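Chain by chain, the residues:
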Amino acid sequence: MSEITKTSAATVSTPALKRYGPWIGFLIVLLILPYIFSSNVGVYTMNLMGIFIIFALSYNMLLGQGGMLSFGHAVYFGLGGFMSVHFMNYLEDGSFVFPMWLLPIFGGAIGLVFAIIIGSFSTRRAGTVFAMISLGVGELMAASSLIFVAFFGGEEGVSGDRTMGPPLFGVNFGQDVQVYYLIAAWVFVTVMLMYLFSRTPAGRLANAVRDNAERAEFIGYSQRKVRFVSFCASGFFAGIAGGLFAINFEIVTEENLNALTSGVVLLMAYIGGVGFFIGPIVGAVLFTLLQSILSNYTDIWQLYVGVMFVLTVMFVPQGLTGIMMMHTPAWRMKRVGGLVVPYIRMGVPALAMLAGIAGFLEMIHHVRGSPADETMMSLMGIEFSTHSIMPWVTVAVLALVGGYLVRNQAPQLKEAWETANNPDAGGKEA
Amino acid sequence: MTAAIELKGLRKRFGPTEIIRGVDLEIHNGERHAIIGPNGAGKSTLFHLISGRYGLSGGSVSLHGEDISNLPPYEIYRKGLSRSFQVTNIFPNMSVFENVRCGLMWVKDYKYSFWHLVDRERELNQRTAEVIEEIGLTSRQHIPAGVLTYAEQRALEIGISAAGGADVIMLDEPTAGMSHSETDQAIALIRKITDGKTLVMVEHDMGVVFDVADRISVLVYGEIIATDTPENIRNNKAVQEAYLGAEAEE
Amino acid sequence: MFELVFFSLLNGIVTGLLLFMLASGLTLIFSMMGVLNFAHASFYMLGAYFAYTISAYLGFWIGLIVAPVLVGLLGALVERYGLRYVHRWGHVAELIFTFGLAFLIEEVVQFIWGKDTKAYHEPEILQFPLFTFFGQNFPAYKAFMLLISIAIFIMLLLILTRSRVGLIIQAAIHKPNMTAMLGHNVPLVFMGVFGVGCALAGLAGVIAGPALGTFPGMAVVLGSIVFVIVVVGGLGSLTGAFVASLIIGLLQTFAIALDYSVNDILTAFNISFDADSALRDLWSLSLPQIAPILPYLLLVLVLIFRPMGLFGNRET
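Residue numbers (my numbering), protein chains in the order written: chain A, 36 to 465; chain B, 338 to 587; chain C, 4 to 319.
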């Protein structure tokens, strides 16, 4: 996996297996996933995941690869969606004939066109000015979408029917699982293209400009043009993601291009880890899981996501992928095994503490949100009354004891970590 | 024969203060030219003016007879002038190999290409490996540049600047902060990579200056008070008064 | 027509000064710390909610004083334990941190107070029309808002130009390192300014809550507008923030008040269009309709043509 996990690997010649292995593995995983998670919810979640993977990766072409912090990336996603849904309707009207599975290309095209227009002035600077322009353009688009009803469909949005195109080998995309394979194919192709982009001169120079924009100017590159190229590519892929969204949900609304969606994509990329190519993939998978699983169990899942986001920014700026990557030295020295027990000793109390805190929040939320006479609540399948004392004691004990043990166990984990990562340590201690 | 660099009446003002106060200088093709002067004389500013980092307040800069005044840095680079920085200025999160390869990208005519895969470009990678070999970082080439030692970063800085094969190379204090042995290595490196090219350098270490330079210009308070061979500069009364006297014991 | 202009002008100034209360804090924070605080409007929202809760027990006037203080303390804590910690990861991380904070505060507010609009009202003694002009009432509460805003504005001006703290702040804006070398505790000043900036935002929330509604979306509604002001006025310029606040305030009220559409203009020039064409939305566009996008249009235009803003002296 090292080849696609590192953004700055400089291996000139790698054995074929190492180079193509991860891609073959990726393809196999994409192919067999629907056999493992064949339920409706499973397919629904995986479809959304695929769309978000493309979207988050396209976002990271800006933030992680090019050093551009955008607060308006949903513009290209949303426009791609609207464009595709309109073409879907043209197909239905019989205005022209076009394979449905290629429809996202129109989304990509409009994403590209708008990225060219907006990028022509917004990429002049990085940093705060870029962030502000992206925010301004994002708000402008979101506000306009409610005004130009003919294109954006106002508050209801625009809906279409994905089954109306000419069938592909008898497949008309009536079933979600057919759409899954369509999305999976696009995911595979676009992920590969985006990865390859990062290995081109334009992609490498984007990293250079991110690291040190001024120095790049003294090796012959205009920082503005370097950013512009990345920006356009990013808009294109975001548009494709939007097109897939249109096919999957058959409806696109104003919400798909507003600030919330822009925030979500930033969150996914950042939690996953912007410094790594696969970071946004991890982030997109995790976020979609949280969204579809947590939201089944609790109304306040967004609160948890918010807390997680802020904690990530504060304490783990390299993201989840960064944490995983921290283990590579220990892995190479074959010492990860020595970390398992310390992790369990730390992990169990930590989970208890989190369960306690979450339980407390859920109970408060229940007490406030339900009618006064309804005192029974169900949490993870356990029924209890919020007006009795026991549940409150339970969560308090969980949180406090868990918290105490976490503090208590931290030193041993630190020690184990240092042993595992110290190249001079004598390896096995008997 | 036209001069490699020609400065005419160059001026730079920051608010009310004039840092460069009318500099005329001609640097010949193929010479090794050192610019010395006391702290605050404007040596780095002069470099920034020539290389396009700052806009001019007056006068003109030509490169091989072509006017390059007020062009952006990348245009000047493309015309064959490359420079290094006094404060190490590299791409810290990228590997040494990537740093050098980026320095080669434009001259190898990749421009903003997104249809070449850099790892497949044999010639580009070969040349990169050669440059890294020259700056002595082959064993460190896969390490992020930000974690190199100071001397290694300085060598990389010179490597990036020289990689593209520009025919005029400007080095801003290449040996600043180095130990004696490191300085010797750096000088050897500078000689090697600037062979047959025009070199302009700012340097504080007089040993290095008199060792390397064909000619020396002395910049004092934004004006050049003398340009001559090392021998004549050493004996120049005005220079001794303004500058050398103070540092003679070094 | 005159009465329309008169009331729009008055309402515009009320909105503009309210916006300035937010924008001034944001500008001060940005010019000192280099951080554009995305969560600034969230503190405005917290001000309204705190005041709502306090006023339910102790009355409006206590809330007016206590809520901003609480918000200010909270802001100082956020600076001390959040922002200062994130600072080590660099500038982009700081921006993302405040962005995440804005998201989190909205969720927390929904968790504590729920999703519906809260019945937070002006005190009864201010519930009367101050004067009637051409049959239109001007509520006393609006005059009260105007009064508070002007008082804050004058206070800010006096503190910044006349007091020792003001001088240190001005010095820290221009040369933070130099100020630190002169022996001033810059981190403390930062924390103080961040806290006071948040308190101002909180105060704006306290007085705007009854007029504009106290609901979880109120931060988002105003947040991006305040950004527009700070950027349009010129990052780091208080004068710019003041002028831009008034411009945006007036722009919004006038755009809503003057009901003209593109069609009207075209008819004035004797041009008519097929009403069914695909561009019909464009021809029937009216000023009130495009009022929400005007600030952003202004922002984008300013950033393209004058990136340092109207009164700014630095391009970030």
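Honestly, I wouldn't trust all of these hints.
To be verified - For lysine-lysine, the following DSS-like pairs were computed, each having C-alpha atoms within a straight-line distance of at most 27 Å: (1) B:K416 - B:K534; (2) A:K369 - A:K449; (3) A:K260 - B:K445; (4) A:K260 - B:K345; (5) A:K260 - B:K529; (6) B:K574 - B:K448.
What the hints assert, rightly or not - Selected chain A positions facing chain C (in silico; Cβ < 7 Å): (7) S155; (8) F156; (9) V164; (10) L325; (11) F344; (12) P352; (13) Q353; (14) G357.
Note that these hints are calculated values from the structure, not bench results.
All values derive from a computational prediction rather than experimental measurement.
Ideal Cβ placement from N, Cα and C applies to all residues, glycine included.
Here is what the structure says about each hint:
1. For the hint pairing K416 (chain B) with K534 (chain B), the CA-to-CA distance comes to about 14 Å; that is within 27 Å, so the pair holds.
2. With a C-alpha separation of about 18 Å, the suggested pairing of K369 (chain A) with K449 (chain A) holds against the 27 Å cut-off.
3. Distance check on the hinted pair: K260 (chain A) and K445 (chain B) sit about 18 Å apart at the alpha-carbon level, within 27 Å; holds.
4. Taking the CA atoms of K260 (chain A) and K345 (chain B), the gap is about 32 Å. The hint is violated against a cut of 27 Å.
5. Taken as a hint, the K260 (chain A) and K529 (chain B) pair is broken in the structure, with Cα atoms around 34 Å apart against an allowance of 27 Å.
6. With a CA separation close to 50 Å, the supplied pair K574 (chain B) and K448 (chain B) exceeds the 27 Å bound.
7. About 10 Å separates the beta-carbon of S155 (chain A) from the nearest beta-carbon of chain C, more than 7 Å, and the hint is not met.
8. About 5 Å separates the beta-carbon of F156 (chain A) from the nearest beta-carbon of chain C, less than 7 Å, and the hint is met.
9. With 7 Å as the threshold, the beta carbon of V164 (chain A) comes within range of chain C, its nearest partner Cβ sitting at about 5 Å, so the hint holds.
10. The interface hint given for L325 (chain A) is violated, since its Cβ lies 13 Å from the closest Cβ of chain C, which is over the 7 Å cut-off.
11. Evaluation of the F344 (chain A) hint against chain C yields a held restraint, the C-beta minimum of about 4 Å falling below 7 Å.
12. Look at P352 (chain A): its Cβ gets to within about 4 Å of chain C, closer than 7 Å, so that hint holds up.
13. Taken as an interface hint, Q353 (chain A) does not check out: its beta carbon lies about 9 Å from the nearest beta carbon of chain C, beyond 7 Å.
14. Proximity of G357 (chain A) to chain C is violated relative to the hint, the smallest CB-CB distance being about 12 Å (cut-off 7 Å).
Against the hints set out earlier in the document, violations occur for numbers 4, 5, 6, 7, 10, 13, 14.
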